[in-house]
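Asker: Start from the sequences, fold in the hints, and give me the full structure.
Chains as they are written, first to last, in the numbering used here: chain A, 209 to 459; chain B, 407 to 457; chain C, 2 to 225.
Calculated directly from the structure, the hints in this document are not laboratory data. Positions of the beta carbon are idealized from the N, C-alpha and C atoms, including for glycine. Some clues are possibly wrong.
Claimed, not checked - DSS-like, lysine-lysine: derived pairs with alpha carbons at most 25 Å apart:
1. A:Lys232 / B:Lys439
2. A:Lys437 / B:Lys439
3. A:Lys437 / A:Lys232
4. A:Lys437 / A:Lys298
5. A:Lys437 / A:Lys296
To be verified - Okay, the calculated bits of chain B under chain A, using three or more residues with CB under 8 Å as the criterion:
6. 415 to 421
7. 425 to 431
Listed below are the residues making up each chain.
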Amino acid sequence: MNHLKAFEIFNGSMIQSFNDSMKKAFPILGILTAILLSYALYMALVWAPTERTMGDVQRIFYYHVPSAWTAFILFFVNFAASIIYLIKRKPAADIVALVSAEVGVVFCTVVLVTGPIWARPVWGIWWTWDMRLTSTLVLWLIYVSYLFLRRFSSSGQTPALAAVLAVLGALCVPFVYFSIWFFRTQHPQPVMGGGGSIDPRMLHVLLINWLAFSCFAFLVCWSRYRLEKLQRDVDQAHALESLMAPRGSVR
Amino acid sequence: MSGNGYLFAAYAITWIIHIVYLGTIVSRYSRLKREIEEAGLRSQVSGVRKP
Amino acid sequence: MSAPTGITRATLLKDLRLEWRSKDAINSMLFFSLLVVIMFSFSFDPTAEESRRIASGLIWLAFLFAAVVALNQTWAREIRNQVLDAYRVSPAPANSLFIAKTLGNFIFVSVLEALMTPLFIVFYQLRSIGPAWQLLVVAALGTWALVVNGTFFAAMSLRTRSREIMLPLLLFPISIPALLAMVQSTTAILNGEGARFWIVLLVTYDLVFTTVCLLLFETVLNAE
Numbered sequence: 209m210n211h212l213k214a215f216e217i218f219n220g221s222m223i224q225s226f227n228d229s230m231k232k233a234f235p236i237l238g239i240l241t242a243i244l245l246s247y248a249l250y251m252a253l254v255w256a257p258t259e260r261t262m263g264d265v266q267r268i269f270y271y272h273v274p275s276a277w278t279a280f281i282l283f284f285v286n287f288a289a290s291i292i293y294l295i296k297r298k299p300a301a302d303i304v305a306l307v308s309a310e311v312g313v314v315f316c317t318v319v320l321v322t323g324p325i326w327a328r329p330v331w332g333i334w335w336t337w338d339m340r341l342t343s344t345l346v347l348w349l350i351y352v353s354y355l356f357l358r359r360f361s362s363s364g365q366t367p368a369l370a371a372v373l374a375v376l377g378a379l380c381v382p383f384v385y386f387s388i389w390f391f392r393t394q395h396p397q398p399v400m401g402g403g404g405s406i407d408p409r410m411l412h413v414l415l416i417n418w419l420a421f422s423c424f425a426f427l428v429c430w431s432r433y434r435l436e437k438l439q440r441d442v443d444q445a446h447a448l449e450s451l452m453a454p455r456g457s458v459r
Numbered sequence: 407m408s409g410n411g412y413l414f415a416a417y418a419i420t421w422i423i424h425i426v427y428l429g430t431i432v433s434r435y436s437r438l439k440r441e442i443e444e445a446g447l448r449s450q451v452s453g454v455r456k457p
Numbered sequence: 002m003s004a005p006t007g008i009t010r011a012t013l014l015k016d017l018r019l020e021w022r023s024k025d026a027i028n029s030m031l032f033f034s035l036l037v038v039i040m041f042s043f044s045f046d047p048t049a050e051e052s053r054r055i056a057s058g059l060i061w062l063a064f065l066f067a068a069v070v071a072l073n074q075t076w077a078r079e080i081r082n083q084v085l086d087a088y089r090v091s092p093a094p095a096n097s098l099f100i101a102k103t104l105g106n107f108i109f110v111s112v113l114e115a116l117m118t119p120l121f122i123v124f125y126q127l128r129s130i131g132p133a134w135q136l137l138v139v140a141a142l143g144t145w146a147l148v149v150n151g152t153f154f155a156a157m158s159l160r161t162r163s164r165e166i167m168l169p170l171l172l173f174p175i176s177i178p179a180l181l182a183m184v185q186s187t188t189a190i191l192n193g194e195g196a197r198f199w200i201v202l203l204v205t206y207d208l209v210f211t212t213v214c215l216l217l218f219e220t221v222l223n224a225e
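Answerer: Now the structure itself:
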């Protein structure tokens, strides 16, 4: 088969399918998510009642906590996708694992940055080695090391090795929480995030923001997934082209 | 910084982080698209030279 | 089950013999361990009361760095002689190789720790209020935790760029719960307090990660 024709067809259909799916659903979902996020922002800044002791600074809570929940969900998706990859060896599972880890790290970074910004005015210190923040830091470290492995390993090996590391990292998570929890009960520190019961209106705003950020995370993951799929298709096309290039042709 | 200053900083930096990440996705996508178009041209050129 | 045990024993004995013959590797690592203890002693004033309070942290960090140096050359000989390719095509279970390597590392790192501990005790004038045998249990469990994951990650790092930095990069985050447990239990025993929670955590950690590493080593070996 004429390799030029094959490449052109492959070429054309790649861009075509990318554009098609992006064109169809994505913009609508994007607009809906933007509206939801704006509504959630309004709720957080205006509608939610002001906290008695901390004042308006407490509203950071409505960004800090949903980001944490979203990160945890994404890391769980990474775990599930990695297991599926180890069993089924589907490339799609590998891409989902990569994407969920990356976006999870982004959200985790948000948690680790908004945490200290909240802690400083309330407790006077930037970092308290509080149980939740410390555990999130270790989680962040584990998944950043995962991303490093993906970047540094040779491409043939990456999916399998990364999946193995993801399983180990996920299994480590309960240990992280247990050890830090016990350590903190032995050496108590100021607890961030406020313990105890939460005002139902605050809970409502929290859940709305969580929903909004979850939709946002889904769209980001989807975009990243399509990008990675396209990248791999291009790499494959390049490899195919160099394999079938006539001898002596100039590249 | 007043209490509200911290609040604004937290919300702003959240979106800065997200926008930076989205920016990397967008720039990689446009670079990839450019590469695809160039490669499509290159295939045509090498195809002409084929016997 | 005699073949896998046979391979394990053979590999382990071979490694120990080779290490013993090439005294260079052992000597340089022993000297490195000594240096680590001394550097820590200069950085954390041994005469200060605070330093004695954090002594277990210092000791375990020193062990950790010495272990990383030892772990980094775990598979060096295997790569040089294409042993791993042979293992991939042979019917021998990959686990035997992994267990042999892990045991070898465990023995080696324990030797390093046995050298460093008396130095720490002398430099920091440490005394244990609690039973000293419990410290040995903690040392064994903690060393195993570092070594089993370390050997596994060393195998994963084999064909990565910057292999030597990849090992600690992967090992440290996952070892954090174990490190916390090691240090806290050591402190507790030195102060005559109970360390049951931390020891149970360490045992569970060791069991879980040993099992998972055994299950997944074949995948790592064949990853391509």
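Asker: Among the hints numbered above, which are violated by the structure, and what are their numbers in rising order?
Answerer: Violated: none.
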